[in-house]
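J.: Here are the chains, one letter per residue:
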Amino acid sequence: MKLLRALTMAGCLLAAGIATAQVPYKRIVGASSEPASWLTYSGNYQAHRFSPLNQITPRNASQLKLAWVYQINGRGRFETSPLVADGVMYVTEPPTKVTALDLRTGRPLWSWQRPLPLLLKTIGFGPTNRGVAILDDTLFVGTLDAHLIALDAKSGAVRWDTPVGDNNTGHAITAAPLAIDGKVIVGISGGEAGIRGFLDAYDAKTGKLAWRLWTIPGPGEPGHDTWSGDAWKTGGAPTWVTGSYDPDLNLIYWGTGNPGPDWNGDVRPGDNLYSCSLLAIDASTGKLKWYFQFTPHDVHDWDATEIPVLLDGRVGGRLRKLVAMANRNAFFYVLDRETGEFLQGTTYAKQTWAKGLDAKGRPVVLPNTEPTVEGNLVYPSLQGATNWFSPSYNPQTKTFYVAVREMGAYYYKGEAEYKPGTFFAGGGERALEGDKAWGAIRALDVETGKMKWEFRLQSPPWSGVMATAGGIVFGGSTEGNFYALDAANGKPLWDFQTGGPMASNPVGFMIDGKQHVAMASGHALFVFGLPEAVTPLKSRVRK
Amino acid sequence: MTRSCWLLAAVLLVGIIVVVASPQDDSIAKLTSGEIERGRQMFVAHCAVCHGIEGTGERGPSLNHPSLSRVADDRALFSLIQNGVEGSEMPGAWQLSGREVWQVAGYVRSLGRTAPVKLPGDPSNGRRLYESNGCAGCHIVRGSGGVLGPELTEIGARRSAGYLHTALVDPSSATPAGYVVARVTTRDNKKIWGLRANEDSFTIQLRDSAGRFHSFRKADLIELKKDFKAELMPSYRDAFNRSEMDDLVAYLASLRGDK
Chain R
1 MKLLRALTMA GCLLAAGIAT AQVPYKRIVG ASSEPASWLT YSGNYQAHRF
51 SPLNQITPRN ASQLKLAWVY QINGRGRFET SPLVADGVMY VTEPPTKVTA
101 LDLRTGRPLW SWQRPLPLLL KTIGFGPTNR GVAILDDTLF VGTLDAHLIA
151 LDAKSGAVRW DTPVGDNNTG HAITAAPLAI DGKVIVGISG GEAGIRGFLD
201 AYDAKTGKLA WRLWTIPGPG EPGHDTWSGD AWKTGGAPTW VTGSYDPDLN
251 LIYWGTGNPG PDWNGDVRPG DNLYSCSLLA IDASTGKLKW YFQFTPHDVH
301 DWDATEIPVL LDGRVGGRLR KLVAMANRNA FFYVLDRETG EFLQGTTYAK
351 QTWAKGLDAK GRPVVLPNTE PTVEGNLVYP SLQGATNWFS PSYNPQTKTF
401 YVAVREMGAY YYKGEAEYKP GTFFAGGGER ALEGDKAWGA IRALDVETGK
451 MKWEFRLQSP PWSGVMATAG GIVFGGSTEG NFYALDAANG KPLWDFQTGG
501 PMASNPVGFM IDGKQHVAMA SGHALFVFGL PEAVTPLKSR VRK
Chain B
1 MTRSCWLLAA VLLVGIIVVV ASPQDDSIAK LTSGEIERGR QMFVAHCAVC
51 HGIEGTGERG PSLNHPSLSR VADDRALFSL IQNGVEGSEM PGAWQLSGRE
101 VWQVAGYVRS LGRTAPVKLP GDPSNGRRLY ESNGCAGCHI VRGSGGVLGP
151 ELTEIGARRS AGYLHTALVD PSSATPAGYV VARVTTRDNK KIWGLRANED
201 SFTIQLRDSA GRFHSFRKAD LIELKKDFKA ELMPSYRDAF NRSEMDDLVA
251 YLASLRGDK
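The listed protein sequences derive, respectively, from chains R and B.
Using our numbering, the letters of the first sequence correspond one by one to residues 1 to 543.
Using our numbering, the letters of the second sequence correspond one by one to residues 1 to 259.
The hints are simulated quantities; they were obtained by calculation from the structure and are not laboratory data.
Dumping the calculated DSSO-like pairs for lysine-lysine here, alpha-carbon to alpha-carbon at most 30 Å:
#1 K218/B - K65/R
#2 K97/R - K26/R
#3 K218/B - K190/B
#4 K491/R - K226/B
#5 K398/R - K452/R
#6 K226/B - K436/R
#7 K226/B - K452/R
#8 K450/R - K218/B
#9 K514/R - K491/R
#10 K491/R - K218/B
#11 K233/R - K360/R
#12 K452/R - K225/B
#13 K191/B - K436/R
#14 K218/B - K452/R
#15 K218/B - K229/B
Covered by chain R, per the in silico footprint, the following chain B stretches (three or more residues, Cβ under 8 Å):
#16 34–47
#17 50–57
#18 169–181
#19 200–210
#20 217–231
Just so you know, these numbers come straight off a predicted model, no measurement behind them.
By construction, the Cβ of each residue, glycine as well, lies at the ideal position given by its N, Cα and C atoms.
Can you build the whole structure from these sequences, using the hints too?
T.: Right, here's the structure in full:
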């Protein structure tokens, strides 16, 4: 019924020729009841990356056909997760460009590009951008030189420009911001440059800083004693992937990255809070409500910047508000999202570094698993059992889908000397490549952590997944296959060779009342729908 | 100052700038082993995060080849390290001095490249043996030969003489990474084998012994077997005497990709 109402609303908007985005906060809160749009990075605040659309099903998925392709000019990985609102799609292009596309044709409506300094520093990652946020009629985008920019959604004109960090010291933004009620939350990159991480909230209207939460506590603050000497000043813990939000609890959930230097922990004895952690933050004040550290004193670069997925389920004998994360360290965690209490942790990929997790979820680390000068083979590789690309959660079947990297690596320890604006990593890896590594899409039961099925991929993926109410899981492979799996059993239903490596996340929406999916691959964005969805264009007037 | 004087001054100034800013071609050749080691240390600190600790590649391309596809010469390698690749994930090494960039470049050049050594065999006789024993039926050298085996144009720069000897007497112990023989059975019971040219999660492409390409959807195959230790090459242990073997190894070692 909700779906019908949403379809009717979308139809009315199009019939009226309205193509101007007006996305108030309440519309984003109700994103799941508006499946024609994709209003926030992960589809909804709960970060489900789930499309409630059901026109594409296992019966007809084999008929999926290309609707349109949009090609970009810039180089660098095209990792965008588009937003869709009111007949317009908003994509980000590398290195820092925003383009509004006509949803029916893929034709650009406007573009905005950030001029970047010649000596731009992208330390430990490529020049990319993963998406925008929208609130009311404004888009928000982070830039590689660490500014947060507000753009008029109708024209791309800059409304405000706020510096978030200093690029000379390796600060940069690649993540899509998260827009909530009156605020824009944005994370920072720089975990290989020895930054001190933080998460910021800015006033959506003015761009003024509302609050900053340092992810490494300063002197006198709880957790500061998990560092020694001045190591906290260069300790990393960046916030480089978009988090999730519970409007009822008014809590933001955001993962933090590795401590620095990455592979040489000698200069930072201790647990190194709040690196490799999930933080629950009061959205109004920026105060830390609780934290959970997945990998204390990490020495493998296993950032906890994976997507925290908010869901309700029966774990530990009663129905609870939960947050689930498939962590880079190869464990799948389920926590109570009101308290941070550890409830369940199970391995979902090969790992050779921990005997298991104790009753509080702390890993029981096996001896001789640290990086060495000679190299030490450990699973998973430094890219982790999964990474920044998104998982998906189907609340109707309580199934969690995750793209998994089955890859080990020899970890090396090296010297690490902090010099502002340079690599501060202290080693590296030699990954087991080629046919020694592979990938999979795995379906996990969130209430038990058990695997329901897996679909094997030729190589470790760099793309996320999106499940749909129609019973499909969409994803992309490193070899360029855009594919659809049967969500019930993982059987492949359809695939299309896009001709370039995929490192992005799928999104779902409607064009003229017909379900479509989009995903970036190589240097192009591909949009697919069922054949009848590719209808002749009718001219209409935009206002 | 006359116009011509201004021009001369401008040319001189540009010349000075070019001389100061442009690296010398032979700078890698002049590096000491200590400087190469220093280059290795900087590579580990700055480059290994993407290119792997020994240049084996991961997020960035592998660098352990005698020749690098993006750089035609040492000067181009210097420039690429110093300036990065615009729009790609490869940043410029702005923090390194020119000398340090050369040291890193020297280390990169040393990756996957054997040092030339004097060998006991006669390479010209080795070449005759190579040509008269059918090696070219399966291997390409400088554009000529068969496609079933790996190209050997720069095999001497990639592999040591000891490795080349082993590859001749015990080929199965020297199968290169990524050299995979696939055997498929189609639904109409056709059996086809060949070298894997490419593969993704849904399809596989083969090149058979005649050089023909075959493409299959995996779902259409009854069987797909991959042999990572394929023994396509016979052992030449008993085909040559010791002197001939030395000659053949010396010939292969002389193949260093030189034009």
